[in-house]
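Please assemble the complex out of the two chains, which come individually in their own frames, going by the hints.
Taken in sequence, the protein lines are chains A and C. Counting from 1, one number per residue, gives the positions in the first sequence under the working numbering. Counting from 1, one number per residue, gives the positions in the second sequence under the working numbering.
No lab work stands behind these hints, which were simulated from the structure alone. Watch out, some of these pointers could steer you wrong.
Stated by the list, open to error - Below, computed lysine to any residue pairings styled on SDA-like, alpha-carbon distance capped at 25 Å:
{"id": "1", "chain 1": "C", "residue 1": "Lys143", "chain 2": "A", "residue 2": "Thr139"}
{"id": "2", "chain 1": "C", "residue 1": "Lys143", "chain 2": "A", "residue 2": "Ile154"}
{"id": "3", "chain 1": "C", "residue 1": "Lys143", "chain 2": "C", "residue 2": "Asp169"}
{"id": "4", "chain 1": "C", "residue 1": "Lys143", "chain 2": "A", "residue 2": "Leu238"}
{"id": "5", "chain 1": "C", "residue 1": "Lys143", "chain 2": "A", "residue 2": "Arg150"}
{"id": "6", "chain 1": "C", "residue 1": "Lys143", "chain 2": "A", "residue 2": "Val142"}
{"id": "7", "chain 1": "C", "residue 1": "Lys143", "chain 2": "C", "residue 2": "Trp109"}
{"id": "8", "chain 1": "C", "residue 1": "Lys143", "chain 2": "A", "residue 2": "Glu136"}
{"id": "9", "chain 1": "C", "residue 1": "Lys143", "chain 2": "A", "residue 2": "His159"}
{"id": "10", "chain 1": "C", "residue 1": "Lys143", "chain 2": "C", "residue 2": "Arg133"}
{"id": "11", "chain 1": "C", "residue 1": "Lys143", "chain 2": "A", "residue 2": "Asp147"}
{"id": "12", "chain 1": "C", "residue 1": "Lys143", "chain 2": "A", "residue 2": "Pro156"}
{"id": "13", "chain 1": "C", "residue 1": "Lys143", "chain 2": "A", "residue 2": "Arg241"}
As the list claims (entries may be wrong) - Estimated spans, in silico, between C-beta atoms of each pair:
{"id": "14", "chain 1": "A", "residue 1": "Leu273", "chain 2": "C", "residue 2": "Gly38", "range": "53 to 59 Å"}
{"id": "15", "chain 1": "C", "residue 1": "Ser42", "chain 2": "A", "residue 2": "Ser269", "range": "43 to 49 Å"}
{"id": "16", "chain 1": "A", "residue 1": "Gly242", "chain 2": "C", "residue 2": "His136", "range": "19 to 25 Å"}
{"id": "17", "chain 1": "C", "residue 1": "Arg215", "chain 2": "A", "residue 2": "Phe263", "range": "51 to 57 Å"}
{"id": "18", "chain 1": "C", "residue 1": "Ala166", "chain 2": "A", "residue 2": "Ala45", "range": "36 to 42 Å"}
{"id": "19", "chain 1": "A", "residue 1": "Ile33", "chain 2": "C", "residue 2": "Gln199", "range": "48 to 54 Å"}
{"id": "20", "chain 1": "A", "residue 1": "Ala189", "chain 2": "C", "residue 2": "Ala116", "range": "56 to 62 Å"}
To be verified - Facing chain A, according to a computed beta carbon distance under 10 Å, are these residues of chain C, among others:
{"id": "21", "residue": "Ala49"}
{"id": "22", "residue": "Arg78"}
{"id": "23", "residue": "Ile81"}
{"id": "24", "residue": "Met83"}
{"id": "25", "residue": "Phe91"}
{"id": "26", "residue": "Pro103"}
{"id": "27", "residue": "Met107"}
Since we're looking at a predicted model, the values are computed, not measured. C-beta atoms are modelled at their ideal positions from N, C-alpha and C, and glycine is treated no differently.
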Amino acid sequence: MSPTGSDAPFASQADAHGAARPLETLGAALLDIAIQLGGVGLLAARAARRLLPPRLDALELGRQLDRMTSGSLAVVVATALFTGAIMVVQAAPMVQRFEARELVGWGAGFATLREVGPLLIALVFNGRVGAFVAAELGTMTVTDQVDALRALAIDPLEHLVLPRLLAMLVAIVALTVIGDLVAITGAVATSWLLLDVDPRAFVHSMTELLGPADFLVGCVKSAVFGVLIGLCSCHFGLTVRGGAPGVGRAVHSSVVASAAGIFVLDYVSTFVLE
Amino acid sequence: MIGVVVDGVGKSFRRPVLRDVRFVLRPGALTALVGPCGSGKSLLLRLVAGLERADRGRIEIDGEPVTGADARRLARLRSRIGMLFQNHALFDFMTVGENVAFPLRRMGWDEPRLTARVSERLHAVGLAGYEPRAVHGLSGGQKRRVGIARATAAEPALLLFDEPTAGLDPVTGQRILEMVRHEQRARGATALVVSSDVQAVAGVADALLVLHEGRIVYDGPAVLAAHSDEPIVAELFGRSVEARA
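Okay, chain C solo, but in the shape it has when bound (with noise of 0.2 Å):
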């Protein structure tokens, strides 16, 4: 199990996006970041991975830092992370099961065991027997199931999923949500993932991180998110609170 320090992060892109950033992960704890629109929530799963550079602040990943590593050390980083991206990011050219394949292959997994990974991850998220299907044949769904397929293949110590359930119809977005906390806790894996869909995610996080400006200004138990007197995080679960004087 690792863990995950963001300390003092900031970033900005012609305007301050990220002003000062700051949370742990809980070490085998599945924690979802919500926040509203536009607040950076994905920027943040993409700092935590290294594929967006932090102006200023400290990333580090089981004591490790992300911010300021060269390539050779977020490539190691990296392959103990899996990462599912917001509009599935599956390789078009490839088949559904060579997309799941593709990073084991990489990591030089004999094809015997490469197989029978690849049919018992498709397995798991209810898609057995789709290796040879073409990926844009699949629905929205489908394409988020292989993408936690390919997410888990390596067994990670750490999971990041940026928005899992978006553009799914409730039911379907419940199910991912569902899949993403089994995964998580069949590996006692680390989990952070970013939704807009706070109600859902809240109730199968251990922890809630809800960025809002720049800052987060909710970090706590997710069970208990819904009852904070923060005025957005009230307004995210729907309630409305009179602002504090």
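Only chain A is shown next, with the shape it has when bound in the complex (with noise of 0.2 Å):
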């Protein structure tokens, strides 16, 4: 049929349609991401509001503490150690053109005290952590447990947040600085075995060329990212509907919104920090 025939107003009404769809789609998903940045800011602010003055759960806080450090060691452990060998491994080439032997200590202390070290282990502390209180929390949701905590006169926000918001504080700054070392262990080694640079040249190169401020910009970004995955690990999980499957979908949104949000805080703090 012509485009001038009968049906050629739904013809056109469709193409409207579709045309439509990906600007409802994107809408939504804007809508989305504003609504759960609100959810979490508004959390974050609650949150600060119950720290002065401090009022959680401190067995909690204890407990919370135990199980996220002890818990992600080894892991962050072997994923540090690792890295700073991959570090070298991947730098070797170039180290060996230049001759540049003598600043791999300052190379790999660099990337893994700034930027490395805090990232990667905040990428790991973020799924194994991260997605474990969203999901905990997102169960104890759907199974009415954080409404008994309110019917029993506790506040959620005292009794489950708090701890864990500053548990994930503390651990992954801890995690951070043994992650650093363990990472900084493997690139000595490496660099050792591949390079055949001393271990003794290599740490001189590093103590020579870095500064406390190099390690403390660390500590601050990884502080940074432990307070992201904190708050939207809290707030997906403790806004989950749908039962079983929207813990699912918790866990997976904390996962995801965390992520993205620690390279886009890293990028910042890069800026703020230099």
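Shown next, in the form of structure tokens:
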């Protein structure tokens, strides 16, 4: 049938609808991002208000801290060790070509302390601890355990959110410091085996050219990442709807949002802390 | 003993669920709230506990407003409420004893008094010696009993029970209802029990409320409810009544 035939109006309506759909999808996605950002922001504001003066469950804080640090230590050590080694392996051809062996310690230390250490450990922490917290709080929400706390006159913010947020903050900084040490150990060993760089020369190059600021920048970054992961996992966990499938969606959203946020904040903090 | 006033309460989730709910809970009485599935019984219970906010209307517990109350006032009101949730809502990272002790520990009870109280509560619900057991190893009926023990541990003046017999066989369900009745009488508490098991709950309740299409269509003595001419009430009791012209 010709475009001027009787079905033309329907075709043009369908076209218009089809053209509008990507816009609708984009609009819905942007609206959802705005809602989630607002939710995370509100949770941050409420948590900050509860910290002045601090009102939180100390017993729960200790329990969470133990679980987050001891439970993540092995995976952080393994990741950091190989990351340090990989950095040297990747840099080896250029180091050999330009005979820059005396800069290996500085290069590996700089990259580890300022960037790779905090970033990779935050991503590992997000996948392990952030996902676990989102799943745990999500399950508590859909099984009415969060409402049971409220019914027992216990504020979920004080009992669930603040202990997890603070535990994440402390745990991620501690794990980053450990991870930095392990990554540098991996880099020292690899540069010795692969490039014949003496470990003492490696450490000398690192300590000569790097200062405490390089270490502190990494710690500040990892603290910021820890707060972000804590806020995202608690927000998505406590706003779960739709039973068990909802918990799965919350974990997914939490991990994705935190990972994206880590890169954005890394970019911003790199500029700010330079 | 405390009373509860619910006056003109409405709540919508895209469509109206509660339209104009009005009733008064008599202090020291056990009132059953029944109605067809999806009529908003559990929602109404959550509104009374302050776990949801009403779109309109007024809810008062012992003269204190629940609607519009700030977090601190709500927390103070809730410290006088014991609530049993439909799916138990026991803390699965705690043992049975820790679950029952949880509200008491938060209230600052000393350890010897707390231990004695937990033991007494678990004995009262037929679970003496269950303190160290994990929650996930319990049957549905046992979880319900632990929930009752936790809800009554701090001797609340208002008991709110959501479907205490859901998912239980008739014998266990009847035992649980008798336990609820015993706990309410023993402490002279005011109780509101939501149930889909109309005949069983009417057998233990003093008063009955029937919720239908967002309104209370029967509010009276439980013993007379079975003879009501209201079609939905008759239907709930298994009688057929011709619709009034």
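Status of each hint after checking the structure:
For the proposed pair lysine 143/C and threonine 139/A, the alpha carbon gap of about 17 Å is at most 25 Å, so the pair holds. For the suggested pair lysine 143/C and isoleucine 154/A, the alpha carbons sit about 21 Å apart, so the restraint of at most 25 Å is met. For the given pair, lysine 143/C sits about 14 Å from aspartate 169/C by alpha-carbon distance, which is consistent with the 25 Å threshold. Distance check on the hinted pair: lysine 143/C and leucine 238/A sit about 24 Å apart at the alpha-carbon level, within 25 Å; holds.
With a CA separation close to 19 Å, the supplied pair lysine 143/C and arginine 150/A stays within the 25 Å bound. A threshold of 25 Å between alpha carbons decides the hint, and for lysine 143/C with valine 142/A the separation of about 17 Å falls inside it, so the pair holds. Of the supplied pair hints, the one linking lysine 143/C and tryptophan 109/C holds, its CA atoms being roughly 24 Å apart against a limit of 25 Å. For the proposed pair lysine 143/C and glutamate 136/A, the alpha carbon gap of about 20 Å is at most 25 Å, so the pair holds.
Distance check on the hinted pair: lysine 143/C and histidine 159/A sit about 23 Å apart at the alpha-carbon level, within 25 Å; holds. The suggested pairing of lysine 143/C with arginine 133/C holds, with an alpha-carbon distance near 11 Å, which does not exceed 25 Å. A C-alpha spacing of about 17 Å is found between lysine 143/C and aspartate 147/A, which places the hinted pair at or below 25 Å, so the restraint holds. Between lysine 143/C and proline 156/A the CA atoms are separated by roughly 22 Å; this keeps the pair inside 25 Å, and the hint holds.
Simply put, lysine 143/C and arginine 241/A have alpha-carbon atoms about 24 Å apart, close enough for the 25 Å limit, and the pair holds. The supplied range of 53 to 59 Å is met by leucine 273/A and glycine 38/C, whose beta-carbon atoms lie about 55 Å from each other. Restraint check, serine 42/C to serine 269/A: a C-beta distance of roughly 46 Å satisfies the suggested window 43 to 49 Å. Between glycine 242/A and histidine 136/C the beta carbons are some 23 Å apart, a value that agrees with the proposed interval 19 to 25 Å.
The hinted range of 51 to 57 Å is satisfied by arginine 215/C and phenylalanine 263/A, whose Cβ atoms lie roughly 54 Å apart. Between alanine 166/C and alanine 45/A the CB atoms are about 38 Å apart, so this pair conforms to the stated range of 36 to 42 Å. Distance hint check for isoleucine 33/A and glutamine 199/C: the Cβ-Cβ separation is about 51 Å, which falls inside the suggested range of 48 to 54 Å. The supplied range of 56 to 62 Å is met by alanine 189/A and alanine 116/C, whose beta-carbon atoms lie about 60 Å from each other.
Here the hint on alanine 49/C is kept, as its CB sits about 6 Å from the closest CB of chain A, short of 10 Å. At its closest, the beta carbon of arginine 78/C sits 4 Å from a beta carbon of chain A; the interface hint therefore holds under the 10 Å criterion. Interface hint status for isoleucine 81/C: upheld, as the beta-carbon distance to the closest one in chain A is roughly 7 Å, under 10 Å. Taken as an interface hint, methionine 83/C checks out: its beta carbon lies about 4 Å from the nearest beta carbon of chain A, inside 10 Å.
Restraint check, phenylalanine 91/C versus chain A: the minimum CB separation of about 6 Å is within 10 Å; hint holds. Satisfaction of the interface hint for proline 103/C is found here, the shortest Cβ-Cβ separation to chain A being roughly 5 Å, below the 10 Å cut-off. At a threshold of 10 Å, the smallest CB-CB gap from methionine 107/C to chain A is about 9 Å, leaving the interface hint in force.
Comparing the model with each earlier hint shows no violations; every hint is respected.
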